[in-house]
Structure formats: C-alpha cells, structure tokens
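First to last, the protein sequences are chains P and G. With my numbering, letter number 387 in the first sequence gets 387, and the count goes up by one each step, no holes. With my numbering, letter number 138 in the second sequence gets 584, and the count goes up by one each step, no holes.
If you are wondering where the hints come from, they were derived from the structure by calculation, not from laboratory data. Owing to the predicted nature of the structure, the values given are computational and were not obtained by experimental measurement. Glycine included, C-beta positions come from ideal geometry on N, C-alpha and C.
The calculated label-pair distances, taken between Cβ atoms and stated as ranges, are:
no., chain 1, residue 1, chain 2, residue 2, range
1, G, Ile641, P, Phe338, 55 to 61 Å
2, G, Gly681, P, Ser345, 28 to 34 Å
3, G, Leu768, P, Leu28, 37 to 43 Å
Protein chains: 2
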Amino acid sequence: MRSKLLFSLDPPKVLVFGFGLIILLGTLLLTLPSATVDGRGLPLLDALFTATSATCVTGLVVVDTGDTFTKFGEMIILSMIQIGGLGFMSFATLLAFILGKRISFKERLIIQESLNNETVEGIVRLVKRIFLFTAVIEIAGGVILSMRFSQNMAAGKAIYYGFFHAISNFNNAGFDIMGGYKGLTAYTSDPIVNITMITLISFGGIGFIVMNELYEYRRTRRLSLHSKIVLSVSGILVFAGALMIFILEYKNPSTLKPMSMTGKMFGALYQAVTPRTAGSNTLNIPDLKQSTLFLIIFLMFIGASPGSTGGGIKTTTFAILLGAVKSQIRGREDVTFFGRRVDYSIISKALTVTLIALFLVGSITMVLTITEPGKDFLMLFFEAVSAFSTVGLSMGLTPELSSYGKILILITMFAGRVGPLTLAFAVARKRKETHYRHPAGKVMIG
Amino acid sequence: MRSKLLFSLDPPKVLVFGFGLIILLGTLLLTLPSATVDGRGLPLLDALFTATSATCVTGLVVVDTGDTFTKFGEMIILSMIQIGGLGFMSFATLLAFILGKRISFKERLIIQESLNNETVEGIVRLVKRIFLFTAVIEIAGGVILSMRFSQNMAAGKAIYYGFFHAISNFNNAGFDIMGGYKGLTAYTSDPIVNITMITLISFGGIGFIVMNELYEYRRTRRLSLHSKIVLSVSGILVFAGALMIFILEYKNPSTLKPMSMTGKMFGALYQAVTPRTAGSNTLNIPDLKQSTLFLIIFLMFIGASPGSTGGGIKTTTFAILLGAVKSQIRGREDVTFFGRRVDYSIISKALTVTLIALFLVGSITMVLTITEPGKDFLMLFFEAVSAFSTVGLSMGLTPELSSYGKILILITMFAGRVGPLTLAFAVARKRKETHYRHPAGKVMIG
Ligand SMILES: [K+]
Ligand SMILES: [K+]
Numbered sequence: 001m002r003s004k005l006l007f008s009l010d011p012p013k014v015l016v017f018g019f020g021l022i023i024l025l026g027t028l029l030l031t032l033p034s035a036t037v038d039g040r041g042l043p044l045l046d047a048l049f050t051a052t053s054a055t056c057v058t059g060l061v062v063v064d065t066g067d068t069f070t071k072f073g074e075m076i077i078l079s080m081i082q083i084g085g086l087g088f089m090s091f092a093t094l095l096a097f098i099l100g101k102r103i104s105f106k107e108r109l110i111i112q113e114s115l116n117n118e119t120v121e122g123i124v125r126l127v128k129r130i131f132l133f134t135a136v137i138e139i140a141g142g143v144i145l146s147m148r149f150s151q152n153m154a155a156g157k158a159i160y161y162g163f164f165h166a167i168s169n170f171n172n173a174g175f176d177i178m179g180g181y182k183g184l185t186a187y188t189s190d191p192i193v194n195i196t197m198i199t200l201i202s203f204g205g206i207g208f209i210v211m212n213e214l215y216e217y218r219r220t221r222r223l224s225l226h227s228k229i230v231l232s233v234s235g236i237l238v239f240a241g242a243l244m245i246f247i248l249e250y251k252n253p254s255t256l257k258p259m260s261m262t263g264k265m266f267g268a269l270y271q272a273v274t275p276r277t278a279g280s281n282t283l284n285i286p287d288l289k290q291s292t293l294f295l296i297i298f299l300m301f302i303g304a305s306p307g308s309t310g311g312g313i314k315t316t317t318f319a320i321l322l323g324a325v326k327s328q329i330r331g332r333e334d335v336t337f338f339g340r341r342v343d344y345s346i347i348s349k350a351l352t353v354t355l356i357a358l359f360l361v362g363s364i365t366m367v368l369t370i371t372e373p374g375k376d377f378l379m380l381f382f383e384a385v386s387a388f389s390t391v392g393l394s395m396g397l398t399p400e401l402s403s404y405g406k407i408l409i410l411i412t413m414f415a416g417r418v419g420p421l422t423l424a425f426a427v428a429r430k431r432k433e434t435h436y437r438h439p440a441g442k443v444m445i446g
Numbered sequence: 447m448r449s450k451l452l453f454s455l456d457p458p459k460v461l462v463f464g465f466g467l468i469i470l471l472g473t474l475l476l477t478l479p480s481a482t483v484d485g486r487g488l489p490l491l492d493a494l495f496t497a498t499s500a501t502c503v504t505g506l507v508v509v510d511t512g513d514t515f516t517k518f519g520e521m522i523i524l525s526m527i528q529i530g531g532l533g534f535m536s537f538a539t540l541l542a543f544i545l546g547k548r549i550s551f552k553e554r555l556i557i558q559e560s561l562n563n564e565t566v567e568g569i570v571r572l573v574k575r576i577f578l579f580t581a582v583i584e585i586a587g588g589v590i591l592s593m594r595f596s597q598n599m600a601a602g603k604a605i606y607y608g609f610f611h612a613i614s615n616f617n618n619a620g621f622d623i624m625g626g627y628k629g630l631t632a633y634t635s636d637p638i639v640n641i642t643m644i645t646l647i648s649f650g651g652i653g654f655i656v657m658n659e660l661y662e663y664r665r666t667r668r669l670s671l672h673s674k675i676v677l678s679v680s681g682i683l684v685f686a687g688a689l690m691i692f693i694l695e696y697k698n699p700s701t702l703k704p705m706s707m708t709g710k711m712f713g714a715l716y717q718a719v720t721p722r723t724a725g726s727n728t729l730n731i732p733d734l735k736q737s738t739l740f741l742i743i744f745l746m747f748i749g750a751s752p753g754s755t756g757g758g759i760k761t762t763t764f765a766i767l768l769g770a771v772k773s774q775i776r777g778r779e780d781v782t783f784f785g786r787r788v789d790y791s792i793i794s795k796a797l798t799v800t801l802i803a804l805f806l807v808g809s810i811t812m813v814l815t816i817t818e819p820g821k822d823f824l825m826l827f828f829e830a831v832s833a834f835s836t837v838g839l840s841m842g843l844t845p846e847l848s849s850y851g852k853i854l855i856l857i858t859m860f861a862g863r864v865g866p867l868t869l870a871f872a873v874a875r876k877r878k879e880t881h882y883r884h885p886a887g888k889v890m891i892g
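Pulled out of the complex, with its shape left as it was, chain P reads as follows (with noise of 0.2 Å):
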C-alpha cells in the first residue's frame, strides 16, 4: 500500500511511465498499415523511433513524415506532439509547483507570484490555463497559417496543413508534412508564415510561468527574475544568432546569397529561432556553412526555457552560469541578477545540469563515431547535441542512421527529454543537513 502510494507520488517515475507508454501506443498505431502510404505500417524499429521522435517532440525523423503516412498515421502523430508537448509543461509547471511545497518559502515564491495558490483547486486552476493558452495560441496560429496556405492549396488541405504547422511549432516539435524532407524551405521569403512560426516557436519556448507573467502583466505591472532572465537571454541569443548567421551566410550561394534582403533577413532570423527548440527549418541544413552549423550546435544545447515545450540545458541555466563567471572575474561575492541575488544552490544546479549534459551529448556523439563510421564527426556531433535537445534539426543524419544508431537516438531524445526534469527533481531534494564539516582544504585551479 505505501509502496503504491509513494510510487504515485513519485513524479519523475510518472513523467517516465507516462511517456513510455505513449510512445508504446503510438508505436502500435504506426505499424498498422493503414498508417502509411504503401498500406504496409512502418517497420518497427521505424515506427518506435517516430513515435518517440513525435512523443518527446524532437521532431528528427528517420522516413519523412509528409510524403510516408496515411492522414491516420499524420493524425497519430499529430495526436502524439499535443500530448507530449502539453503533458511536458503541464508535468514541469505542476513539478515547479509541487516542489515549491516541499522544500521552502523561498522556492515556491516563483509559482507563487504567478498563482496566489497551493491548494489542490490552484493545481486545477493552473492546468486549466495551461490549455486554455495552448488553445488559443495553436488556434491564433492555425487560422492565420491556413488563411495563408489556402492561396496555394485548396481549402481543405490548407486548413490541415495550418493547424498541423501551428500544432508541431508551439510545440516546439519539428513535424512538418511539406514531403521530401524539405521542411519549409519553400517560405523562407514569406513574412506571414515567418512572423506566425517565430511567434508561435517562442511562446512555446519561453515556458508557462513566463506566458502567465506576461498575460498577468496589465495588472501586476511587474515580472519575476525567472521571468526576466528568460526574456533578455532569449532576445539576446535570438538577436545574436540571426546577426551572425545573416553575416556567416550572406555569400553562400546554397543559402542566402540569391535571396532578397527581405529573405536574408527572415532566413537568417528563422534559423536563429528554431534551435529554441523547434526544429523546423526555412534553409536547408546541409547547405550551411561549418561555422553555422557549428553556431546552431552551441543554440541548440542552450535551448528553450524550463517549464516549456522546449528541451536543452536551458536558458536560464546557462545565464546562471555566466552570471558565476562574471561575478568571480569582477571579484563580487555575489552573483546577481537584475538587483537580486542567486543563491550557491541555484549556481551549483546549473553546474550540474550542464556538465552532465557536455557529458552525455559527448559519450553519445562518441558512440556514434563507433556505429556510424565514415561518417563526417560534425553531422553526429549535431545529431547528437540535436536528440538530446530535443530540436529535430539535422544534416540529413537521420534517415540513414544504422538500427544502433537509431536506438541510441531515441533513448538520447527520450533522456533529452525527461532527464532533465528527472535530474531538476532530484537535486531539488533538500540537502542533508550534516552536523559535522570536513576541514576546509585548499585545491589550485587553472
């Protein structure tokens, strides 16, 4: 009995057990063959990688999506995305939430600042929004994105193709059913599915709590640190990013070159964007230059927001991180934000998440120069860094990944996803109180 109960209160074994058996179902689904195109269902090993590609909205994928499944086997997928997406941010708010309960005033006082409330009826009432702005926001999105389909398509097709579009991008999933792997290279130039993409991506990707400062904003008049941090480093890397990739591929006749400046601009802008994490592209991966990719390598694994759709070591941990190095170059004792002070705890969590990640982004890339071989080390490096932070982006890697290859992509992308939610919870745990401390010792760095 007390094992059952801890067990259904053990979150991180929720979050695992639930995505696992997703997956399982949507796996199932697949193989059936009134799933694909040729009426055969997708081979197993397929069929598992794809669901967990749609489930842990990655978006890498091993047949490409468009031109292989039946609308039932897109519905699948689709169907799999809003889960996933919605479950994982409904699952990191409430564990946020639920956190602030256990260990202190302090913690909580983030949840707190956005909901007033720690009551099981709060709990509701935050779910209850939760898919009420996933509502509203994919809706916004489809209708706009359809309106502009519907000038190249029939309006049947153009209404699907907008709401899957909309659905896949503020989930941060990467899905696109354009067919030949070509992503939306066909509207790199186009203003109205840019600016709704962008939109969509980010709102996905700045995470809940952001999204409901920012609604609540008219009347509280005030953010949260979290809050502002992951607004100014998000802007920043966004800014950053699409200045140096507009200037990294300004000349490259693949890309940019034969493109208006408006398109230099939008392609330079989109491609900044997706590694937040979405993995739809505008320009075609391969095609850009070393140093690009090498950029979008360094995006991805920064990520998207906690508490979001998106994966990565995250924005916010890698502020922190640079926060502690600035303060320890200018000789300051603390590390501070926007007037505030960020505890040891909060800079040694940050540490920990993105070690572990440099860890195991560099073992999975290392064992992919061992079941790939001949293969080029910057396309299993961006493979690599891309499953983990669940972006879906790839150099064309994917679809001719060996079975080892594949198995050790979809576990990378289902770690990627629930690992460091897994790995927040656990260092979250109030730390042991030891009544005796060892004896300082001195240790020369550097």
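Put chain G with the ligands on the given structure of chain P with help from the hints.
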C-alpha cells in the same frame, strides 16, 4: 616611480612581456640563414609560429623540425623550450607563493606545506629546487635515451637526440627532430623509449609542488589535498584513457592491429599520456579513429596539473567540477575530497576557468571553419584544443594552415600558455567585501 614599481610587481604583466620578448628574440634568430638547412632562414610568419610554439612548449609545427633546421636552429628551439618550460613552472609556483602572501593564511598552506618559509630566502631556495629537479630529471632521461638511441646511431648523434627529446618531453614541449613529421612512431613498441618518455612527461605534468611533496614524502609521510587530487585524477585519466584507446584502436589496421601485444599496450598507454599535455606521439594521429580522436580532444582539454609545464584547464579543475556535481546529486551540502571540504570560492574559480576555456576553444574552432574552408571539422576542433591546451598534437592541419590560421593558432598558443595563469591571478584577488547584499531571487534550472 610608483607606476614603474607597480609594473615590476604585477606578475601577469611580467609573464606576458617576458614570454613575448623571448618569442620575438627566437623569431629573429630563426629567420637567420644559418638556422635552416636551405640556408635561407625561416620566413617571418613561420619563424614567429615556431618560436611561439617552442616558448609556449606546445609543439605544433608548420615545418618539420628535424628536416628544416640546422643544429644551430634546433638549439635555438631547444633553448626556447627550456626557458619557456622552466620559466613557466617557476613562475606558476612563485605565483602561488606570492598569492599565498597576499591573500590569507588558508591560501598559503599548500606552499608552506612544501617549503615552510615565505621570505626572500625561501623564494631563492624554491627556485633553486625547481632548477635542481629539472636538471636531475632531464639528465637522467637524457642519459637513458642516449644509451637507447646509440643502438641505432653514432654516439654523438645519439647523445644529441637523447637530450633533445628528454628536454622536450619533460617540458611537455612536443617537439621532435626525427624528421618527416614522424614523431616517435619508430619507437611505438620500444619499452625503454616508452617508459622513459612517459616518466618524463608525467613528472613535467604533475607540477613542481607535487614533485616536491613526493620528494619530501620520505620525511613528511604526508601529501597535501592538492597532491592527492593531482595524483589520483592523473592516474585515473591515464589508465582509463589507455584502456579506451586500446579497445577503440585494437582492430584498426593503421594503428594497433599489426602490432604485438606489448606494442598495442604501449601504443595505447603513450597516446593516453601525451594529451597531458606533452604532444609527442608514437602512433600516427591522423590514422586514429574518430572516436579515439574525440577522446584525445577531451583529455587534451583537461590537460596537465597546476604549476607544471603543461596546459589545459588542469586536472584539479576537472576534479573540483566533478566533485561539485557529485555532491549536488547526492544532496550533500559540502564538496569534499579525501575528507577535506572545498570552499565555494574554489568551485567558482574552477567553473570560471572551464567556461572561459570552452568559450575560447569554441570561438577559435568557429573562426578556423571560416579561415580554413573545406577542412574537416574534427581536424579544426582538434587543432584548436591542442593549441589552447599547448598540447602540440595535430591531425596534420598545422603545416596546411592559411596565414590567418597560423596567426590565430599562434595567438591561441600564447593565450593558452599565459592566459590561465593570468586569469588565476585575477580571480585570486580578494573578493570585494560588500556591506550591502541584494535580496535573494529564484530561478528555475533545467
Ligand atoms: K523539437
Ligand atoms: K606540448
């Protein structure tokens, strides 16, 4: 008057100007006609590159040392290696000594443990001992290598070769005069060369403080926390690295496969030792598998230990970061090693050094993708880490570098040599005491 005094007392400036002067002098000498076999002297940029590589004890070469230089030229290079290596080791040790004086009783302990003295007399004795250790180890290594080489060449040449390679390896300089960019590949299976070289590299790489403590161990019967961490981490990295290289290269027909079991073991061991950061090699680096090369990049990035002739972020930095992660995951409040607590200030220094190193290596790799178009990404990444950590291993890029690439890599070698120490000095200054502390804020991580 006052500014002159300040200048003469600012150790980072002394370091930068001292190394700069030696490099400029060496550059001039290497452009002399009598320095090169072709009687024309080395072109200016190549001379600057070689002088920087020698003085910063790196070992990256744009021309083959043995084939290009006369004995006079080689002696200039060897002199720069000796001055650079000895100068740096003395400087780093003295700096720890001076910093000990400036800061606090606690910070000073480690030096005092070795020397029990902080007067001018103490400094003189310290430097004398560094010179003595260097002389004894280099002479012992030189004699052994000379005897071994005399089996294959005339006595005079064997002595010259023996001492050149002993000095180069103790100083972790990575230069060899075997010709044809071959390195020590003719001695992969030779036990005497392997054991001698590995011993020289290891002594040079653990740093003077640890060497001194080992030397005094007969009397004191104790090691400081610093030495314990240096010795255990170095040991683990070498043996785990050797095991992994052994497994990864076992079936590689270009490296270990055709060798005897002894050759395989020495080959794996040597390539696991040399990233700490000797730079000589007994296997041909471009023949290694991508997985092995990536492992070597990781080992090179960590590099040697503080106050040594080697570079990198240092074994202690790596250990401190791992310790912080371990304590975070286990929910412990303190980070401890061997029953000693490590203060947050040390963790913060380790974090700062590592993040700045990652940023530099990433940026340099990115610039190389622009200045060296069409080159393999792994090759560029390998070269950037090798230069930054002053390792000197290369996948063969160095001689093919463009002029921009050469300039970038020589700046990287210089920054990699004087940078971490300058940084260590900067971050070791007493943190400003603030009477006002900002209120604590909350940020979500991961
Ligand atoms: K994605
Ligand atoms: K070296």
